[in-house]
Amino acid sequence: MTEAATLPESFWRSLRHLNQYRLFLAFSMTIGVWAFPQYAPIAEDHIQLFLASGVLYGTAAILLSGMERMRQIAFNKQLYAQVGVDVIAISWLMHLSSGIAGGLGLLLILPVAAAGMLPSIRIVLAVASLATLVMLFEQAWRALGSELGLGGFVRTGLLSMGLFVVALLSHVLAKGARSAAEFAGEKAQLAEQLARINARVIQELPFGVLVVDRTGRILLANSQAEEQLRGQFHTECTLDRCSPPLAELWAGWRRAGRVPSHPFQVTREGSRLRARFIELEPEREAGAIVVIEDVTELEAEAQRMKLAALGRLTANLAHEIRNPLSAVNHAAQLLKEEADAEVRARLCKIIEDNAHRLNWLVDDVLSLNRRDRLNCEDLLAAEIIPAFVDEFRRNEGVPEGAIQVEIEPDSGFCFDRLHLQQILWNLCRNAWRYCRKQTGSIRISVRHYEQGADLDIFNDGPPVGAELQLHLFEPFYTTDQKGSGLGLYISRELAEANQAQLRYVDRADGALFRLSCPRSIC
13 MTEAATLPES FWRSLRHLNQ YRLFLAFSMT IGVWAFPQYA PIAEDHIQLF LASGVLYGTA
73 AILLSGMERM RQIAFNKQLY AQVGVDVIAI SWLMHLSSGI AGGLGLLLIL PVAAAGMLPS
133 IRIVLAVASL ATLVMLFEQA WRALGSELGL GGFVRTGLLS MGLFVVALLS HVLAKGARSA
193 AEFAGEKAQL AEQLARINAR VIQELPFGVL VVDRTGRILL ANSQAEEQLR GQFHTECTLD
253 RCSPPLAELW AGWRRAGRVP SHPFQVTREG SRLRARFIEL EPEREAGAIV VIEDVTELEA
313 EAQRMKLAAL GRLTANLAHE IRNPLSAVNH AAQLLKEEAD AEVRARLCKI IEDNAHRLNW
373 LVDDVLSLNR RDRLNCEDLL AAEIIPAFVD EFRRNEGVPE GAIQVEIEPD SGFCFDRLHL
433 QQILWNLCRN AWRYCRKQTG SIRISVRHYE QGADLDIFND GPPVGAELQL HLFEPFYTTD
493 QKGSGLGLYI SRELAEANQA QLRYVDRADG ALFRLSCPRS IC
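Using this note's numbering, read the sequence shown as starting at 13 and increasing by one per residue.
Keep in mind that the hints were calculated from the coordinates and are not lab data.
Keep in mind that a hint or two might mislead.
20 Å max Cα-Cα, derived PhoX-like pairs, lysine-lysine [stated by the list, open to error]:
# : residue 1 : residue 2
1 : 348       : 361
2 : 199       : 187
3 : 187       : 89
So the derived label-pair ranges between C-beta atoms look like this [said to hold, decoys possible]:
# : residue 1 : residue 2 : range
4 : 399       : 203       : 56 to 62 Å
5 : 484       : 226       : 22 to 28 Å
6 : 520       : 227       : 33 to 39 Å
7 : 307       : 451       : 46 to 52 Å
8 : 521       : 316       : 40 to 46 Å
9 : 25        : 216       : 29 to 35 Å
For clarity, every value in this text was computed on a predicted model and none was experimentally measured.
The beta-carbon is built from N, C-alpha and C at its ideal position, and this holds for glycine as well.
With the sequences and hints as input, model every part of the structure.
Written as structure tokens, this is what we have:
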């Protein structure tokens, strides 16, 4: 790390102020002695030499000031030069006047304090020692020429002690400032490095990313976003000018906090895009990160998967229909040939059971066809669950008390009402089929969390084995000969259509199915 990067700017400002002080000092002393020589504590034969020295000191101050402004020479070297010039010039001017008694020795405090900005404590103490030696030699020189008392040496000693104290204090303060500057420089370098990494990562992302401020002005855009939106974005570009369709979504998100789920297109022939907005701060007024995904390929892949699943479903459905039809056909043939009333009744029962099974298959397939017909609304669990339980008990002949309900206050779902009833019906029918049929054999509980709720349906029957869990939600998979094998499959499809998740929770004391709804409010 270079000196310019680690050195506090305050050091350069201090150097500039020292130059300004030096210029003022040199020219004010020179002009003062020239204008009022009778008041100056200088011998008459030293006046001209003092004036010449003052002019020379001022000239040096001008040169040093120019060096500081250009900053072509290292800070420490400039500081060495300035402190050296000050100590020499002030010592010489003090010698030409009345020495320590004249008060010019106090002027050495400032250059000694400036020397505290040097990194080495030895050099700082050396400067203070040099100034002390100069004053001691000056005092000794004058003591040799006259009968001076000890008062001059006492003043010199006190001033010397002051110089050392000032030097040490200024060095400690400067060291702290230098350490803070180095720390800030390291943090700035790290921040710059992280910024470069972030920019590189953003550019390499497979989807488009925009950063916009609260006015919609684009602050950052990666190449994917420019390609998707077919534009070259700069700092003055706004969403209104660069992408009106995206600007409409942005305005809607700022108003309502949500974005329509349907994709948008930049041009009629362009790709289908979907945008997500992530707020930069909790308040949406601060701007957002816009994530733009090309869903053209995803939709095509989803369509291919849907067609493949439909093909498998059709094949399974044909197989499931063929079995009861064969049984009906065979029973009908036997019925024609059989005269015994008891046998004829048994054959009619076979025909009736298989007809019911075919009817269940048709109903289940029709339920599956309704998965895309969404009419989501805010449903309060405390209202819809008890009403469903009453209806289920009446239709299935479940005794009172067999189903227990536990609902946390203010629990709710954003769900299609018919879809939720269909899911509850399938799960509770399975639960009643396999439970012990005692009081509290089925427990329906609803627990809410920050943005959604979990609906649990538990029965005290045998838990589902590990191998069976792998096939629970597959179509036409059943362990009950009277079942269609579509109940759990349809329930999961309806849950996913409502952006919810249906899963089996493994427990040792029974079977638990959990419907997790991520949204409590539509």
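Checklist entry - Any hints this thing doesn't respect? Which numbers, in order? => result 5, 6, 9
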